[in-house]
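Enquirer: Residues per chain, in single letters:
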Amino acid sequence: MRFSGLRVLKEGLTGNKGWRPHWRDPAPKPEYDLVIIGGGGHGLSTAYYLARDHGLTNVAVLERGYIGGGNIGRNTTIVRANYFLQGNSEFYSHSLKLWEGLEEDLNYNVMHSQRGILNLFHSDGQRDAAARRGNMMLSQGDDAILLGREELRAKVPFLNFDDQRFPLYGALYHPRGGTARHDAVAWGYARGADSRGVDLIQNCEVTGIDVENGRVTGVQTVRGPIRAKKVAMVAAGRSSQVAAMAGMRLPIESHILQAFVTEGLKPVIDHVITFGMGHFYISQSDKGGLVFGGDLDFYASYAARGNLPKVEHVMEAGMALMPMIGKARVLRSWGGIMDMSPDGSPIIDRTHIDGLYVNCGWNYGGFKAVPASGNVFAHLLATDQYHPAATRFRLDRFRTGRGILDEEGTGSQHNLH
Amino acid sequence: MRITCPHCGDRDSREFSYKGHALALERPAPDAGAEAWDDYVHLRENPAGETRDLWHHHFGCGAWLVVTRNTLTHDVLGCELASEARR
Amino acid sequence: MRVQGKGLIDRDRPVSFTFDGVGYSGYQGDTLASALLANEVRLVGRSFKYHRPRGILTAGSEEPNALVTVGRDGRQDPNVRATVQEIYEGMAARSQNRWPSLSFDLMAVNDLAAPFLGAGFYYKTFMWPRSFWEKLYEPVIRRAAGLGALSGQDNSDRYERAFAFCDLLVIGAGPAGLMAALVAGRAGADVILADEDARMGGRLLAETYEIDGKPGAVWAEEALAELRGMENVRLMTRTTVAGAYDQGTYAALERVSHHRADRGAGAPLECFWRIVARRAVLAAGALERPIAFADNDRPGIMTAGAVRAYLNRWGVSPGRAVTVFGNNDDAHRTVRDLLAAGVHVAALIDSRHDATRLDGVRMIRGGQVCGSGGRQGLERITVRHPGGEERIATDCLAMSGGWNPSLHLTCHMNGRPEWRRDIAAFVPVAGMVPGLRAAGACNGAFSTMACLREGAEAASEALNALGIKADQGTLPRAEETPCVLEPLWAVPGRGRAWLDFQNDVTVKDVKQAAVENFRSVEHMKRYTTQGMATDQGKNSNVAALAVLADATGRGIPETGTTTFRPPYSPIAIAALGAGGEGKGFQPERFTTSHAATLSRGAPMIEAGLWYRPSYFPQAGETDWQQSCDREVGYVRNAVGVADVSTLGKIDIQGADAARLLDFVYTNMFSTLKVGRVRYGLMLREDGHVMDDGTTARLGEDHYLMTTTTAAAGQVMAHLEFVTQGLHPEWDVSICSVTEQWAQFAVAGPRARELLNGLLDTPVDPADWPFMSCGAVSVLGGGGRLFRISFSGEEGYEIAVPARYGASLFDLLVRRAEALGGGAYGMEALNVLRIEKGFITHAEIHGRVTAYDIGMGGMVSAKKDCIGKTMAQRPGLEEPGRERLVGLKPIAAEGKLLAGAHLYRQEDAARCEHDQGYVTSVCHSPVLGRMIGLGFLADGPERIGEIVKMVDGLRGVTTYCEVVSPVFYDPEGGRMRG
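Protein chains in written order, with numbering that gives the first Met the number 0: chain A, 0 to 416; chain B, 0 to 86; chain C, 0 to 976.
If you are wondering where the hints come from, they were derived from the structure by calculation, not from laboratory data. There's no promise every hint is true.
[As the list claims (entries may be wrong)] No more than 20 Å apart at the CA atoms, straight line, and that leaves these computed lysine to aspartate or glutamate pairs for EDC-like:
#  : chain 1 : residue 1 : chain 2 : residue 2
1  : A       : Lys16     : C       : Asp549
2  : C       : Lys510    : A       : Asp24
3  : C       : Lys867    : B       : Glu34
4  : C       : Lys867    : B       : Glu49
5  : C       : Lys134    : A       : Asp285
6  : C       : Lys894    : A       : Asp123
7  : A       : Lys265    : C       : Glu133
8  : A       : Lys265    : C       : Glu911
9  : C       : Lys123    : A       : Asp104
10 : C       : Lys510    : A       : Glu10
11 : C       : Lys123    : A       : Asp285
12 : A       : Lys154    : C       : Asp153
13 : C       : Lys134    : A       : Glu103
14 : C       : Lys507    : A       : Glu10
15 : C       : Lys123    : A       : Glu10
16 : A       : Lys96     : C       : Glu911
17 : C       : Lys123    : A       : Asp161
18 : C       : Lys867    : B       : Asp30
19 : C       : Lys867    : B       : Glu14
20 : C       : Lys134    : A       : Asp269
21 : A       : Lys96     : C       : Glu133
22 : C       : Lys862    : B       : Glu25
23 : C       : Lys862    : B       : Glu79
24 : C       : Lys582    : A       : Asp161
25 : C       : Lys134    : A       : Glu99
26 : A       : Lys154    : C       : Glu137
27 : A       : Lys265    : C       : Asp19
28 : C       : Lys123    : A       : Glu99
29 : C       : Lys861    : B       : Asp30
30 : A       : Lys9      : C       : Asp110
31 : A       : Lys265    : C       : Asp72
Full structure from sequences and hints, please.
Expert: Quick look at the structure:
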């Protein structure tokens, strides 16, 4: 069923009786060409592009719970392409381009809103780092504008320009950055993959990965064994447990990232704004809630919930930066489980087991990567070649030291990225 | 979260900073080989359940601690000084 | 209307307030909601999506409809629950989310378009043309959405945060909570009893039950009087325990001054509490659930419990001809209370065919309300019953679909509650939050007697666990009526039956979600937005999932619930982040020369948490560059003085001190002679540079390490890790002495001359060669002198105990001025170091190796050190890496910019041609042009090559020569003197 304004109108006039399931609920078949473990954003987009670009539709996505139930359903929805290291830069640029055509492509309104991102800086050193980043973005063909203090004030006069602990020097403005409706991204990809014949199988936890003579042969699930020629692990938040089923250890430590939303408010923040002196980023959803977050809780955890010190720290940063949000009430807080890698960048690669592939380590940047992650991973799965936009997300880069992608410059301690 | 520092007693986690798994205490010999070093610096068991990790009582006594913890429930099951944990 | 002889309000103290500019009067003790109802104001808000007229639904913090804005400007408080906000003299409340007025809201046109705006409609449209989303659709949607408005001005109220500790935290002061607090208090335990209400007592204030033969409210007041008399019990009213966290930590918000016209002189508006409790009893009660039927959202329709609360506690009847609709015996109380108060009850509609009869009222058994009518307020309902359908005139319908235990806190650690069929509700399972036990209605025990009993038991159990002896004593006597109920979630029929009032989610929406295969409860919630309003589904969750269960052919337990997350009720950012505003966000660190520096007019810049002078302006100078050039001249030509105390200083002592340094630095320190200083480079274990600095050997077993300002804390923690975690067997002690010593750089050709006037023994160059150190006597006091240089000139750093810092700085600067020099700031310091090619964290930014910065040779082959093995990974040493170089524009006026990228001359400034980037630049007075440091692929092998610097952001392209990073005095003769 094709979605459009006309269809909404027609259904509205006829009692909304014609709507159909967005996706089927098929029973798992005994064998697929390819099984994707994980029905989150990355798994679903991988399935979609496998079908769209490579004609691979004898594919199953196995999801332990409900599709889109992982980090794609619990993030701060920011979409951007503002990385400064080669390897990252071209990948996120590729992703942003996919975002820009996503709604037509999926025939699903994911509410991608290019409202612009302002990365604030607070010292000469931070300005220099922002300039390095912005120049990389420009050289990538993306957009970046370096704003001085007064240009920034003209855009966002409500920031604390007067007595902030760390004064505002300016911002790196990324006009094409913005937000999207996170759940809709999962659903749009799910619907697109399903309509092309991919089986989305919910409530189907994988309990084992079958390997024979160094080659993957299928998976064990709570709904029985499923044979597969290729298996793709795309289970951020549980990457280490899934990999362990194949006897692998990953360079991943799992950490909690909390996020927050306030009660609905009339429009007051038009951009995405990030603080430079404390981890704090904020935007306002179309529903009116302020959506914001900060840094990790810092200790390894799978609890999908955080603790008060980080809650308070994030709020302090908010009050430092924009005291006009003080009266907004936090409605809900939640935590996602982040795959933290030793350099803060993801891994999209083969493994030492034939036919077994891994996509993990998204740290807390996974949402914006969803289109490109699926797109390049599908390319790797289908062709066994790295996609040109993702040649450096290799699993062995830590061992060899080649192409480490440490944007934060904090080194191999997982929780510092 | 609260941690009982062997020196200072029951304290809020905001006094502590975190390093990662306690395997950081098991530094390989310089000639242990690339795999051993990759294991030490990068690879992690990353258990969903009980783990032992390193915390630093940064805003307290400065002690490095090995905390036995459950990563699913946040239960704190034990805490000892890193200097004694290795012996 | 106000009912005589009822209520706990103070009728001797009338209070005037306004709502949407109209003046009203209520009494002390009224909430805005009770006062509006007393004044027969029923329309109080508009719904989120369709802007439907809405009235007061509840009498508590779960209210989804009656949200108003109080105050203006920096005190403007949106989305205030009228059911919680107490009125005070002069209070001005305004309705919100309507235009132009509450009774005439043009946005209500949305309601006419409702057939097109059902669940998830926006995912299916607004896609064409692409650019219209940001330009048209989204702005329109954004403007229509949202509830109240922030003023846009800085918050001007004061908020606070505080810690509290106790043996037992009791959450909720109804019968269960009061009983728990009494038992624990009498046993001598440290108790905190917190209740979100302004007045403790919970449902006892809203009902007409008796306890020990006394009205419940009287018993509650006596219990509170006893508790107030106990020093070990702290009563916290207006305090919502909002979150359960690990190891007995609870978040609570105290609304300190919202109810006061003067906002409490000196008192904060709110205080956010972190309560650490060894044990906790949750006695949060239960919330009544509405029943979904067509047009069940008309103002005048509210929960039956709310009707009783308004009647019994506030002496208000929300209607003159009330009808009651329920599926349980509890609803019958409403009729009894209203009749007893002399209020006309038009009918009692009980959906159960076999419901117990109630005298004195027209009772319709087996009936269901299936519609309502009235303009902007209830005028009639339609009832379907075995005899047919009829209309009944009524201005208030009290509905009861049963009660949901307020178990939210028990779910904050991901615990899943279980379904209890007999009460058709979820109840907590023991152990969902360690150390917390639910008691009373929140545990599914609905009778007063059961509440008292469970409260006492929970307290005893908690105290036993803590080793405190508790005596439950004799429990008071109270009613023990069983809960008799037959589930009724939604009345079948046409029309829109509302589940989530604020977010405008209907039964039909939930069913449509199921049809579209959003069958998981999480999918349904996210697709329909049910449960995402400000009440977080408190009024709608269970009914919505019952409808979903029905639509998907599953039972409620299999359908499951969504997860309750903190906070229980919303908390202002200003409260959670209290103290973060202005300078409060991070501590401020000041050097001993801070005051003197300010008095010299120096603009200060942040260096980590420290403040350091940017430059010291002088009369006649019009920009910083002039000051900077002059200060550079001081150091190059005479003598300059700079406070360098912010650098980390770590005192290292012990027989194994040298071993430690050999292990953490790439180079050798065990071979350093006493009285000498050496530059050291420190790696992270992953082989990248962590920090650098000089370390002095003050004695055989005594070193003093300096770190950069930025990395002082990190290095200290690192040394503590190495000494405790990796080598606890070493005999070495470390201590940060950064704050204990004030240290000043004295640099320039006349530095020695300056010092000789201060030191009791003049500096003999033979005794004080470059990189020497030792104790000195400064005007009779002890100090340390280091002959080191970050400027390339003959330089010293003199350190004295911090208490002498201010006076020494003053002395040094005055003497320098007498010698033709003076103080210099960070700008000059930066120029001096760039001219010498000395690196800072602009260069050692965490991604570079020793090899990259030209210090590969400093990694000693003779020993192991932290980071050495990993630095030898092939990728960290091979050709193609970007390495440190100096950059000099070909043209004298050529401009360099830090953050610009480097390309080959012939290449376009495209990512794939990227060759490196610029890290530090300055105008060099010595060279008379800009110079820079940067990283260039294979840079050191390209000295002499011309590269292109491009800064697209600022539109600058400069051709530069690749040169050695040392621009000035490359042989170092001036430094060595």
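Enquirer: Which numbered hints does this structure break?
Expert: The structure breaks hints 4, 8, 17, 19 and 23; every other hint is satisfied.
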